[in-house]
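Peer 1: First to last, the sequence lines map onto chains A and B. Sequence positions in the first sequence follow our numbering and run 1 to 63. Sequence positions in the second sequence follow our numbering and run 1 to 813.
Simulated from the structure, these hints should not be mistaken for lab results. Possibly wrong hints are sitting among the right ones.
To be verified - Result set (SDA-like, lysine to any residue): computed pairs, CA atoms no more than 20 Å apart in a straight line:
| hint | chain 1 | residue 1 | chain 2 | residue 2 |
| --- | --- | --- | --- | --- |
| 1 | B | Lys179 | A | Met13 |
| 2 | B | Lys688 | B | Asp504 |
| 3 | B | Lys179 | A | Asn28 |
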Amino acid sequence: MSILYVLIPLAVMLLALAVWALLWAIKNGQFDDLETHGWSVVLDDDQKPPPMDDTEDKPNKEE
Amino acid sequence: MTENSRSCFHCGEPVPSACDLSVEIEGQLEPVCCSGCEAVAKLILQSGQSRYYQFRTEKALKPAEEDADIEAAWGRYDERFSLWGSPLKNGRYELLLQVEGIRCAACAWLIRSQLEAREGIDQVQVDVATGFVRINWQPDKLKLSRVAAILAGVGYRPHLPLSGAEAMGRQHERRDALKRLGVAGLGMMQVMMYAAGLYAGDALGISEGPERFLQWISLIVTTPVLIYSGRVFYSSAWRSLSHRRVGMDVPVALAISIAFIMSCINFLTGNGHVYFDSVVMFIFFLSLGRYAELVIRHQNLQTGLALARLLPEWAELLRDGESEQVLAADLRITDQVRVRAGQTFPADGLLIRGSTEVDEALLTGESRPVEKHIGDVVIAGSINRTQTVEVEVSRDPDDFTVSVMGRMLLKSQTHRSRYTRLSERYAGWFVAIVLIVASLTALWWLNHDMAMLFPATLAVLVISCPCALSLATPAAIASSSRALLEQGVLLTRSAALEVLGSIDTIVFDKTGTLTSGSPSIVNTVVNPSREGFDADTVLRIAALLEVDSSHPVSRAFADITVDRDLVTGIVNHENGVEGRVGQDRFRLGNAAFTEVNVIDFSGGLGRLWLADETGWIARFDLDDGLRDSAIETMSALQERGLELIILSGDHEQAVASAAKRTGIKTWLSEQTPGMKMDYLESLQAEGKTVLMVGDGVNDAPVLSVANVSMTVSGASELANSTADFIMTGMSLINIKNILESGDMTRSVISQNLLWALTYNLLAVPFAAAGLIVPWMAALGMSLSSLLVVLNSGRLARRRVAKKPQIQPRLVTQ
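Extracted from the complex, chain B is given alone in its bound form (with noise of 0.2 Å):
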């Protein structure tokens, strides 16, 4: 099951070399890389539940250390009885927990028969897509905190929902949805049966007292499913006609009336057709559309909740010296908070001790972990991967970059873009000019054929329902920016996902966009006088001088892997560092520490000089590094035939060095805020369509001159970003992305306008000349909706499909 010998047979991490820990499984010995992953898998495997390995398609979460407490953490919570979930009867409670670890139906079956063999426990239901467990259970029988120790005794860690209420309300409306689609489908089923013995009739001949008594019994079953699941037609037709508008469920509240009361008065005169059938169909398969709908809705709003779930119930509070666990709720700004390694920060803030490295791949989509050093900003969710640190308080808890992002999502959902409100006004006309042609068709049909008039008006009430229209842009632009957070980007406006296809021209600042602001070595220079001496010989000994140093300049050497087992005696110096390797002595730092007799002319960020005790022998050039997939980013984009052009407040000769090695022509330098402007603003005058992308902090102004702005703050600055996008993470890569992204959004919106414009122009014609019969309407009308959905979620699907295993929680399937 493992993919090498030396990865965790439990979480599929490295095993580090120290650790020689391992469990037994079927006579096998697998190794497993740390007392937390060995507990877990050896309770699985004591518990007869070793099938659990073999079918699951994910790795598991490996167990943090605070794990271990967890029964005595969540002690506080037993006597807090409103903790307990919604009570049932008999004192029973229904619980709901968000646990994070769930990736397979495997888990599920391991969660499930761990939890519902415990007295006390009734039932466990397990959702894999959103992370919910739902627990039957008697408290007095089980304390809560006995349930939190089980699920993280087999490596599943528990939270209490922050949003448990809302969840539920989702499930209820979820469930609604469902009774009435049921509803309908078994009530369409029976009266097709009926319809098909008087079509029958018709064609055949039938005696009058079976049709009537078929007849009758097609009332029967017809009205409550009229009035259980056609309910919310009338309702919704309702609503919007109380606010003078013509919604596009006035139609079908309409067609779905004169349907049933034609039958109605058809069947009590008893000449002419009954149309029941009909009725239903056409309710049953709007049910469809509209559950189809929902439940994409829902998948879109649990990916933005997704974010909410990652900030830890507790945080450990520093105050005189003393430590104490407080509700992470409970955080006020400048409160001193300590986190352990492998604890997820509980609050935005300032680190105030140690460094360490932090993982926000669940905020940035990036999975490589950043490294955080005193007065670096940590951000509530993201998760401390290496040292204890203290941190300060900075913001409130709605302050918080995630509560922001939460809150940027529901915003985007809520903003309706140009093309959303256009074809809602649309929609609009469309309605009453349905409404005109069936008054048409009934005029005509009136004059020539009494016996078509109703069937005719009906079929075109019924084919132009224009809920495919309606539904074209906000659907697929719904799938689209989901598609996008789970990539690590926000779109705050979806409009500017329309506005992508028409940008000619992009303008970049460099500090902090092109570049990242930390230090790289763009040359290195070895000393030719100096034998045994290469290029990779020294940047090795640099590296490992400067493999525990703290100092910025030390990240330039970051990225080259060394054995620190071979450096000794390292000593900091204020202008260098110096220490052994090997037998020979050397010293790294400026010119003055290294004793090295020039005079020292920097360009970029400096120079570093590398000595042993008879002279020096390399010198390295630090500039400031291109942010992660800059250069292919960029020609990239040159491809699409745009424009790039640099726009910077940097000198001359630090923003020529970016566009010379991301290989973009234009730059302009020493720019302020105010040249910038007038320079998008000229660009703009002659024609081109503008995407500016800048840091989002201190370029906000010149970003809302163009067209389309994007930034790439990274998740720490994101509370203060003012743009349509918002890149959380610190690749460019993802500016390529969002344009691939608005294109494909504009070709399925322009597909199921396309679409929806089509059929019912091509359908209406035929409906008023009487040739299409009701029940073929209301099966065209509905498949055409149900398409734009399908082709919609299209969008989402295929982005899914591409990163699933990067950023698992985001994931929803």
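The shape of chain A in the complex, shown without the other chains (with noise of 0.2 Å):
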């Protein structure tokens, strides 16, 4: 049973670098909009807008 003595201590640091990514993730927001991410999979973004700048932005302006 020895190998416990290299596996727990190895998991104990797994677990400190868990704790660290779950903070780090909390803290950048990660967890504050649990909602719209779940829709990402079905609103992939295959076509990106086409770039745009002042003059084009409003494309319907004269109407």
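Two chains, two separate frames, one set of hints: put the complex together.
Peer 2: As structure tokens, this is what we get:
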């Protein structure tokens, strides 16, 4: 069972890593919005909006 | 995607018959209602984001006319970098915008993909529930006004948040709680794993080396969890102790400390059990309960704060005939502002030019627009629907109806009810009893079985934590007042919610309460000697003649829809109106104007005559119109077995008529406020519990005598109202809703209290007898608190589900 003396400290190190990752994620707002990202699967961005500058931005303004 | 062929593809509003605009989507032409919607829809389709239409669950916000000029308007903000948000590294800023029109996940996707594609924007987060958009951006690459223009370009109206700092503060609070919960959760998983090894070791035998090692590791993992996640319980326990009270965190802190210290001692001396697993588990479940409570509390606050975002940033100030754009916050009393159709009123004020329809839905919960004429009060945050009008500001921003509503809401949240005070005091006693029971348990085991001393005492402390007990009432009231607000009812004194159940008599004021104060037709008489006219025809002719009139009497005909092209040559006279319908000329007015040869005796608000060249055709008897749903509300209330009484200062005939129409049998007319108060007191002396419903303005002293009071003044008079419940809508049906929600709240409170007490009474003896090990106690205690919080949340959820579309911006998911 002496392998425990290696594996458990390793697990604790992983735990520390997990805690660090969690705190980082919370700090960066990864948990602020749990609703919309589920939709990103069906709403993928295979077409990016065309680059626009000020003149093109309102294409229908003259109408 | 459209409900019918003539509703706008983009915003879902009906398409005017004169409008033939359309957009092409997947080869199919879909109608849109205005050029604003057309522009937005085209932009979305051109950007390849037509999926938005496929996946959205709510129709979009109709773009307002001023959205086209938003870039110029926001231009003035470009140089004020304090408005750019909080600075990050490398010249980046975090900008928080309150965005109108975010209704579903598809909106969030659309906004993200529009903004994130721009240079200068690193990251965009959209919070659908609150409507906040958080943007990491570089102001030197992209101007603030461009960001606003991009949002407006896809149909979302941005606002600078009025309460940005508070919103940030709430977010930090939530993140901190989540961090503590996460750390405790991860720690718990690990320590429980080691505990499984230790328990298995107890049962099957374990050599000393691995056992010591597992205990070591448990200690190493538990300590940071205790310090990081458990700290809040210590600070809260300390706070209550320093106020010489025994708060509910005292036994929590005590239990954690005892468990941890005893485990450490057992570990160091090398005999006895360690309870590190119970420590982390207790901390985790308590954090979970606190987090759930925090989320509910924030949702309640959010509902209140939604009011603040209704106000526009600018106003068009009129000065010496010239107009200029100023910040709405700078408006002062007597300033005159112009508000165009589609715009939001920037301040409370009096209408001084023009008449229009105003949408007060966000304040009152009513979707039907209200007509406003010169001299009427308009309130900041309501939307001007039809005509450009001018308004004289009559209140300072602090006294705006929305501000007052916000303050009242906050006040009612901090105002502790009788039950709350009772259960808090009770919780104090309860904690004291818990501590005594725990000491007795310890004493008993000290003399009988030393091995059981520690686990039994710990179990008693943990299992009887009065969290559930002290949460029972406030959680229910908070949820319920939020649900009421969404229906346009402000609860200003939460104790009133608890008294509602004992109400047996309801006293109504008449004018302004049962009746709306504007005329309606109670009787139509058609001259029997005239052929070819029936009641429908004469009403239609009269409605046509009054179609463009701004005279108060015309409101009596406002419900009849007519095609205004049928009427020509309308001339307004002092005592009536004349015009041509088809080939014939008609006059509508008083007896003199219509040359009717009668002595005009007016009951109610008077009579109107319809005549043509040959003589009178019909007579309309007008009376004070009943409020919306007055009749059904009264019968619903009578079905509940309540005694209804009208007390009115009005003359006998008018009161009798209102009583007859609403089916109320008991009524008293020509009452002065003093007589009303005496009457209420005599009712109370008979042992009745009285609910008084008034308009809240001129009957405030009477309202204060009643056990519970409600006002139906409408939003514009809100600031003067002094009642327990303030109905901002004009419909009486809310009285029934309030009574029902009072019933529900009380039953939820008693469920909560019953559950918390039963659980504690049942569990404590078992714990004292040593039959419950500490980790079971931790689980039981936490589940009990969680149950109470979730049970209370039910009150809010049920209401939200009922009425989601009418007030999209007040609904929080």
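Peer 1: Which earlier hints can't be squared with this structure?
Peer 2: Checked against the structure, no hint fails, so every one of them is satisfied.
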